[in-house]
Amino acid sequence: MSPELKGFLLLTVVKMLVVFTITLVGVALLTLMERKVSAWMQNRRGPNRVGYAGLLQPAADGLKNIIKEETLPDEANKILFMLAPIFSFVPALMLAAVIPFAAPLPIAFDFSLPVLGRFVQDGLVPMVVADLPVGFLFVLAISSLGVYGIALAGWSSNSKYSLLGGLRASAQMVSYEVPLGLSVIPVILLAGNVSFAAIITEQQAGLWYVLPLFFAFFLFFVSGFAETNRLPFDMPEAESELIAGYHTEYSAMKFSMFFIAEYANIVTVAAMTAALFFGGWDIPFSQWDQTPGLAQTVATGLFMFLKTMSFVFVVMWVRWTLPRFRYDQLMSLGWKFMLPLGLGYVMLIGTAVWVVEDMLEVGSSTVRGLFLFGLNLVLAYLIFFIVDRGHVVRGSTARPEVVH
Amino acid sequence: MAIGVKVLTRPETDVSYIRATLKGMALTFRHMFRPKWTMQYPEEKSTADWSLSPRWRGTHRMLTDEQGRSKCVACGLCPQICPANCIKLVPGEDEAGNRYPLIYEIDEFRCVFCGYCQEVCPEEAIHVGVHYENAEYSRDRFVYDLERLSSQTHPVSSLWDPSDPKGE
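So the protein lines, in turn, are chains A and B. Letter by letter, the first sequence follows residues 1 to 404 of our numbering. Letter by letter, the second sequence follows residues 1001 to 1168 of our numbering.
Just to be clear, a hint being listed does not mean it is correct.
In silico contact screen, one side only, chain A against chain B (beta carbon under 8 Å); selected entries [claimed, not checked]:
| id | residue |
| --- | --- |
| 1 | W40 |
| 2 | S112 |
| 3 | R324 |
With a straight-line Cα cutoff of 25 Å, these simulated DSS-like cross-link-like pairs (lysine-lysine) come out [said to hold, decoys possible]:
| id | chain 1 | residue 1 | chain 2 | residue 2 |
| --- | --- | --- | --- | --- |
| 4 | A | K78 | A | K160 |
| 5 | A | K78 | A | K64 |
| 6 | A | K78 | A | K36 |
| 7 | A | K36 | B | K1088 |
| 8 | A | K78 | A | K68 |
| 9 | B | K1071 | B | K1088 |
| 10 | B | K1071 | A | K36 |
| 11 | B | K1036 | B | K1023 |
| 12 | A | K36 | B | K1023 |
Simulated restraints, written as ranges between beta carbons of each label pair [said to hold, decoys possible]:
| id | chain 1 | residue 1 | chain 2 | residue 2 | range |
| --- | --- | --- | --- | --- | --- |
| 13 | A | L80 | B | A1026 | 55 to 63 Å |
| 14 | A | V13 | B | A1026 | 43 to 51 Å |
| 15 | A | E241 | B | L1027 | 20 to 28 Å |
Derived by calculation from the structure, the hints in this document are not laboratory data. Backbone N, C-alpha and C fix where the C-beta goes; we use that ideal spot for every residue, glycine too.
Bound-form chain A, shown alone (with noise of 0.2 Å):
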């Protein structure tokens, strides 16, 4: 093994060991942040007994869920139980390691260790455990097989209630795959490449995405609402029509396995949606988080959190006031609105990027950016006060005539 190979493995690790702990210490807070919220939303206090106002709640619901009795039912299928958890958990985790969570920090080291050898390392290491060139589509290939374990949970029960909860997720998440991957396409439009490194420059260059493709935002996150299975489209849960759904019949770790798998997709959905639509880790209004140093990656792994963590509350925003979708009524919401939506923006986009940079030939991406921008606006119009009355989410049948 080359010195250089010694020092790219040696960072690895510690990213690994860095962004794992961070991402499980995060769930874990998750959990009481979502608690307050919802306190909060309901003139609440929320859990604030365990340590200065709440803060070792998880460790002591953590805790809990280890000591508990782990409940195995007869008539389960055994093997397929016990590995359903860690097929949700596992591809869960797996996605935090693509997400870059701050600008590139130069590190530059050589030094000996007595059996290891020489370790050599010099130049920008991105803040990524993975730097794939596939990026985002990692990403999207990855938490489908999310669907699997929550599939075999409801399969494996052997229960009614799981077995519908497993139902209802597959048939949801493989929908909702759709809109969710035509959402990202104009985004590959406009940055021309699918790696979140070449996205965010792209973005730090022009405008954020969030602006000329406000629908491909608007798509992802909603589609994002329904692969991490949050209300209103908590449809394989839905405790109060299928009990727990899924994961009815698991106890103690391995119920925790699915909640930590659920929490984990939250923020990797909205880590998702702050690289791709709100500029990643750039600091908006300034050129100086372009010079790497060290000052640059603190500050901007700060920004990629705060974006992070607004989008996290807002999904507890939503689930907090929304109330659940009838399961017909999600179906066509994403087969009959968001899929037509998805395939016509991508449309829409590519015409419009063909006439901006072919026709008009503007090179710059900020005018262009702007020009998409004035073309969304006229679709929001159109969507959420012509097309968005009624028809977007409305009942299976029309209503029976009244006769008085």
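Mind docking chain B on chain A? Use the hints.
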């Protein structure tokens, strides 16, 4: 349509789901900054808005006279009127001819907290209390004997007064 069924006409064509959602989200966001209703229980047991009613009927208390003896004369009216049959009374008599309870026990698990014992007592000895913190580690601790009933210090219920039904 059956008689008496009220049919609400809900707007179906003029509502935008997304704008309605934003309206709802604005409402929940405003609620985050409203004053909290939570009463921090062990530290805070009554507030200006909420306290136990003086008519609250909780676990019993036996009042005592100046010498510390219970006021009970073992007349037997309270076990007689008790609908749950939870009072056990064995009367005794001292050399001066004063009756007193040898055994006076109330099973608080059987008790329905009707307050008849307090109402019927001619000596105003047994009372139901304005009190609710009764946790114990074993079930037999819920049979209160005379000593325990006499050593309680919580306020006693004022019950409902028929001549003053609104408590004025």
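- Message: K1036(B) and K1023(B) were given as a pair; does the straight-line alpha-carbon distance stay at or below 25 Å?
- Response: 22 Å, holds
- Message: Would the hint linking K1071(B) and K1088(B) be met if the CA-CA limit is 25 Å?
- Response: 16 Å, holds
- Would you check whether W40(A) satisfies its interface hint, that is, whether its CB is within less than 8 Å of any CB in chain B? 4 Å, holds
- Query: Are V13(A) and A1026(B) spaced within 43 to 51 Å by their CB atoms?
  - Reply: 47 Å, holds
- Take a quick look at whether K36(A) and K1023(B) sit within 25 Å of each other, Cα to Cα. 22 Å, holds
- Item | Restraint check, 8 Å cut-off on beta carbons, for S112(A) near chain B | 56 Å, violated
- Item | Status of the hint placing R324(A) at chain B (closest C-beta pair under 8 Å) | Since chain B brings no Cβ nearer than about 13 Å to R324(A), farther than 8 Å, the hint is violated.
- Is the straight-line distance between the alpha-carbon of K78(A) and that of K36(A) 25 Å or less? 36 Å, violated
- Query: Taken at face value, is the distance from the CA of K1088(B) to the CA of K36(A) at most 25 Å?
  - Reply: 50 Å, violated
- Message: Run the distance test for K78(A) versus K64(A): straight-line Cα separation, threshold 25 Å.
- Response: 24 Å, holds
- At the C-beta level, are L80(A) and A1026(B) separated by a distance inside 55 to 63 Å? Cβ of L80(A) to Cβ of A1026(B): about 45 Å, so the range 55 to 63 Å is violated.
- Under the criterion that the straight-line Cα-Cα distance not exceed 25 Å, is the pair K1071(B), K36(A) satisfied? 52 Å, violated
Violation of the numbered hints given earlier is confined to hints 2, 3, 6, 7, 10, 13; the remaining hints are satisfied by the structure.
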